[in-house]
Amino acid sequence: AQRVTQPEKLLSVFKGAPVELKCNYSYSGSPELFWYVQYSRQRLQLLLRHISRESIKGFTADLNKGETSFHLKKPFAQEEDSAMYYCALSWSGGFKTIFGAGTRLFVKA
Amino acid sequence: EAGVVQSPRYKIIEKKQPVAFWCNPISGHNTLYWYLQNLGQGPELLIRYENEEAVDDSQLPKDRFSAERLKGVDSTLKIQPAELGDSAVYLCASSLVARGNEQFFGPGTRLTVL
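Chains S and A, in that order, are what the protein sequence lines are.
Sequential numbering of the first sequence, starting at 4, is according to this note's numbering.
Sequential numbering of the second sequence, starting at 53, is according to this note's numbering.
So here's chain A without its partners, still in its complex pose (with noise of 0.2 Å):
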């Protein structure tokens, strides 16, 4: 099994330019989470899906960030316009269910705002 799927795996873009990253989880897995992890920190939930359902967003900037999980599968996480402080390493996670169950993560998207 491939695990959790994310790319691109790095990204460099400019100040004010959008970016998007995907997200496939383990199949069957109805909890999705996208992570942010600064330098030296560990992981901060930006926002959880129950199936399609965003559930818990209240972590996400939401004047320049949005995601997306059509069809309860893929999600998307966009940033519009990016700035210096976004770089970061943005994870995406996937459980079967969220209630105690372990979370299985994606090797991340490293992200670099010049």
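For reference, chain S alone in the conformation it holds in the complex (with noise of 0.2 Å):
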């Protein structure tokens, strides 16, 4: 069965410390992963999908399908990256999407 599993409930670093968010995935065919956010008291929104390959505010995300993963990284934390982040795997061109648990970031000044 198709999953998403996010180790880690909470993740605090320094402000300026580099972060990684891990997800790891289960799905034997061709994955569509997105990374979404929320921040506080606002709603759920995209921050980057796999096939855009492109950095937003600083975060990539690198599908590796050996690892079946698609961790999300910043080399710089700032306090605004302070937030709720759930990863996401598509299948069936995208008819189908499930959601991991999410991992709080809490970035310290």
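Treat the hints with care, since some could be wrong.
[What the hints assert, rightly or not] Taking beta-carbon pairs under 7 Å as the criterion, some of the chain A residues facing chain S (in silico): (1) G94; (2) E154; (3) F157; (4) P159.
[What the hints assert, rightly or not] Partial pick of chain S residues on the chain A-facing surface, computed with a CB cut under 10 Å: (5) V7; (6) F37; (7) S43; (8) R46; (9) Q48; (10) R56; (11) G97; (12) F98; (13) F102; (14) G103; (15) A104.
[To be verified] DMTMM-like mimics (lysine to aspartate or glutamate), calculated; alpha carbons at most 25 Å apart, straight line: (16) K99(S) with D115(A); (17) K123(A) with E105(A); (18) K25(S) with E96(A); (19) K12(S) with E96(A).
Source of the hints: derived by calculation from the structure; they are not laboratory data.
Even glycine gets a Cβ: it sits at the ideal position worked out from N, Cα and C.
Could you fit the two chains together into a complex? Lean on the hints.
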């Protein structure tokens, strides 16, 4: 069965430190992977998707099919990065989507 | 643009009472989703509409939950009767088309069943 695992419920780092939010998935075909973010008192919104291969707000994520991972990385965390981050997996041409349980990132001053 | 609109934002009811949630998606978005989000969990799909057709309702508990999307625009999700375990945030999202597209989420409705 398809599954998305985010092993860390909470990740706390200091401002300026590198950050990596882990995401592992289970899917035997060609997945589409996304990172969604929810800032305090805001709605859930797309941060980035693997097919775009772009950097958003300094974040990047590389799809590693061998390790079935899609970890989110940023070299220098900022306080405004503090939020809830959800990894999502889509398949069947995008018609099916499941979300991980989320990781709360807290960036300390 | 207002984005996806949901109402009410908060609802408190007693168990066994009915409750309804309303969603207005972004104009022109054909695909509409209802998700359930329990505390400490990610969103879980309840039902997906393509225009007015419910194309994926496999996770919708049909004994007490129902949904409709008349005219392929607004949608209503209903629970009757509500149970204590239904306390959660109900999210509505829409996308231009389902295939590989970004989903735009509403603010959610927080339901508390006493």
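Now the hints, each set against the structure:
| no. | hint | in the structure |
| --- | --- | --- |
| 1 | G94 | holds, 3 Å |
| 2 | E154 | holds, 5 Å |
| 3 | F157 | holds, 4 Å |
| 4 | P159 | holds, 5 Å |
| 5 | V7 | holds, 8 Å |
| 6 | F37 | holds, 8 Å |
| 7 | S43 | violated, 13 Å |
| 8 | R46 | holds, 5 Å |
| 9 | Q48 | holds, 7 Å |
| 10 | R56 | violated, 14 Å |
| 11 | G97 | holds, 4 Å |
| 12 | F98 | holds, 5 Å |
| 13 | F102 | holds, 3 Å |
| 14 | G103 | holds, 5 Å |
| 15 | A104 | holds, 5 Å |
| 16 | K99(S) with D115(A) | holds, 23 Å |
| 17 | K123(A) with E105(A) | holds, 10 Å |
| 18 | K25(S) with E96(A) | holds, 20 Å |
| 19 | K12(S) with E96(A) | holds, 17 Å |
The structure fails to meet hints 7 and 10 from the earlier list, while all remaining hints are met.
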